[in-house]
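**Student:** Chains as they are written, first to last, in the numbering used here: chain A, 1 to 114; chain B, 1 to 271; chain C, 1 to 167.
Errors might be hidden in some of the hints.
[What the hints assert, rightly or not] Among chain A residues calculated to face chain B with C-beta under 10 Å, some are: (1) Ala18; (2) Ala19; (3) Ser33; (4) Pro37; (5) Asn56; (6) Arg86.
Since the hints were made in silico from the structure, they are not lab data.
Glycine is no exception: its CB is placed at the ideal position from the N, C-alpha and C atoms.
Single-letter residue listing:
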Amino acid sequence: MSYTAEEIAELKALCPEAAEGKEGSTTVLVLPSLSLPSGCVPPVVDALLWPGMRDNYPSRLYLSQKVVKPGAAQPNWNSSARILERNWHAYSWNLNRTDLRPVQMVAEHLRGLQ
Amino acid sequence: MNFSPDSFSRQSFLGPNSQAQIENCVVGVAGLGGGGSHIVQQLAHLGFLKFVLFDRDRIEASNLNRLIGGTAEDVSNHRLKIEIAQRLIVGIRPAAEVEMIADIWQNCADVLKRCDVIFGCVDGFDQRRQLESTARRYLIPLIDIGMDVLVVEGSPPEISGQVILSMPGEPCMTCMGFLNDHSLAREAARYGDAGINPQVVWSNGVLASTAVGLAVDLVTDWSKSLRKRAYLCYRGSTGTLTPHVRLDYLPPGPCPHHPTDGVGDPHLRLL
Amino acid sequence: MKADIRLLGSVYAAAIADLSRPHPVAAERVGFISVALGKLSPNHFLLLGHGYTAVPDAHYLDYPRAGACIGPDAIRAAMQRILDTGAGQLHVHLHDHSGRPRPSRTDLRDMPALVKSLNVVGPACAHGAIILSSDRAWAQVTVPDSRQLFDASAVTVVGFPLLFLNR
Numbered sequence: 001m002s003y004t005a006e007e008i009a010e011l012k013a014l015c016p017e018a019a020e021g022k023e024g025s026t027t028v029l030v031l032p033s034l035s036l037p038s039g040c041v042p043p044v045v046d047a048l049l050w051p052g053m054r055d056n057y058p059s060r061l062y063l064s065q066k067v068v069k070p071g072a073a074q075p076n077w078n079s080s081a082r083i084l085e086r087n088w089h090a091y092s093w094n095l096n097r098t099d100l101r102p103v104q105m106v107a108e109h110l111r112g113l114q
Numbered sequence: 001m002n003f004s005p006d007s008f009s010r011q012s013f014l015g016p017n018s019q020a021q022i023e024n025c026v027v028g029v030a031g032l033g034g035g036g037s038h039i040v041q042q043l044a045h046l047g048f049l050k051f052v053l054f055d056r057d058r059i060e061a062s063n064l065n066r067l068i069g070g071t072a073e074d075v076s077n078h079r080l081k082i083e084i085a086q087r088l089i090v091g092i093r094p095a096a097e098v099e100m101i102a103d104i105w106q107n108c109a110d111v112l113k114r115c116d117v118i119f120g121c122v123d124g125f126d127q128r129r130q131l132e133s134t135a136r137r138y139l140i141p142l143i144d145i146g147m148d149v150l151v152v153e154g155s156p157p158e159i160s161g162q163v164i165l166s167m168p169g170e171p172c173m174t175c176m177g178f179l180n181d182h183s184l185a186r187e188a189a190r191y192g193d194a195g196i197n198p199q200v201v202w203s204n205g206v207l208a209s210t211a212v213g214l215a216v217d218l219v220t221d222w223s224k225s226l227r228k229r230a231y232l233c234y235r236g237s238t239g240t241l242t243p244h245v246r247l248d249y250l251p252p253g254p255c256p257h258h259p260t261d262g263v264g265d266p267h268l269r270l271l
Numbered sequence: 001m002k003a004d005i006r007l008l009g010s011v012y013a014a015a016i017a018d019l020s021r022p023h024p025v026a027a028e029r030v031g032f033i034s035v036a037l038g039k040l041s042p043n044h045f046l047l048l049g050h051g052y053t054a055v056p057d058a059h060y061l062d063y064p065r066a067g068a069c070i071g072p073d074a075i076r077a078a079m080q081r082i083l084d085t086g087a088g089q090l091h092v093h094l095h096d097h098s099g100r101p102r103p104s105r106t107d108l109r110d111m112p113a114l115v116k117s118l119n120v121v122g123p124a125c126a127h128g129a130i131i132l133s134s135d136r137a138w139a140q141v142t143v144p145d146s147r148q149l150f151d152a153s154a155v156t157v158v159g160f161p162l163l164f165l166n167r
């Protein structure tokens, strides 16, 4: 998957160390030390965006650890995955859209933690 | 304790070098439940000496209907399944080296990567996908087994199961249709819970024996079959194990899901 | 330091088939196996052979004092392959006998210089040399954390059947 210069600039503004890697035949995006919505514990985790269809989700955002929101409804963590030889977790949050730029996908997925 | 060469005289048909191949092979077993416990017992009898076992669970009463080597005393003592497996192995082969990991393999994957062959005896499609991904990355043949009981109202239950050989470079479980978006999505919709699958000892035994037979052939080449791939389907009501019809319709060419130039440690490229 | 080599069955088969062919000038052929790296621990590496590249006939030099002598074009091609693919390179040739092959004096003299060249363009890769016989193998490699060539501990062909060439 190739990104436009604009898309890359957006991702690097969000996460300066953003990188891509290949899992099988899929190119994924790794976002180290991604800041999560306020109130999340921990507030910063590594994230991995699977930007295409996976398990019936048009895209998925994986986090390096499960996140807790004290005093609020907790996300439904419904997936553990091993991608790029690391363990990841994802909560159930279906964007139902395939027309988003990568940075928009990340933002929409993070709404699941707000 | 040293055994005379006659110890394996009954399996000499496996070939003149077969015992050396067997003894040199490092076997990883992910899951020491109903399937994995059968497998390690048979491997030990055959003379395999190098084991790496992964399972963090302890035996429960409900496991006694199928966990080979498990006893009522083990249940009382909340023994780890890997300890039961280890006891089983060394009771047959005192010289065996058994590395026990009381954890999921994902938390000590570097240990798994040292194996020459992996037996996957895990629950759920996603767990299988994870195990196969790592096996493919590090060029390790994976033999997967599993069983389920299908219940349709108004009909007798049916036992189904599979034995799949996933060889690096050859069709994977996705190529063979066993792993697919539908099954993975359905499992994800259940919040990743593979469920408590019904399990019985005789079906596990059929599947485990078949898996062990595949591994022995892989290591000794006794049958000269050069089979490279296997997807065998078990049907409990008829007691049959047959190749899946899908094998006849696999597209030619290498596996597109695990390109061979994608092996090894992942490389990240900064954007 | 420990390194285990795993070769895809198709790569091994391609290498044997190519290396067994006669050459118009050289007594033996050589090729290159592309390897990816896996790091199991600070001192234990996996070299995963996933591709084979034959050295074209024209890249050999007519040098009767060695079984095979490849010219600068062959080495340049190997170096370019490292740059293009990020894969390390194992120089490979075949000894036509059974049993564990041994490197010749020429092999031991020339290999370090070749591997040093490969390391220049691919310092993050593993490189080295492997000699195959009909049923065994011998190999020396370098890994990113050790620029010294050392003996590989195991060479396995991952095919059906599995072949343990060096255990």
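**Student:** Decide, hint by hint, whether the structure agrees.
**Tutor:** How the hints compare with the structure:
no.: 1; hint: Ala18; in the structure: 5 Å, holds
no.: 2; hint: Ala19; in the structure: 4 Å, holds
no.: 3; hint: Ser33; in the structure: 14 Å, violated
no.: 4; hint: Pro37; in the structure: 22 Å, violated
no.: 5; hint: Asn56; in the structure: 3 Å, holds
no.: 6; hint: Arg86; in the structure: 8 Å, holds
Going down the numbered hints, you'll see the structure goes against 3, 4, while the others check out.
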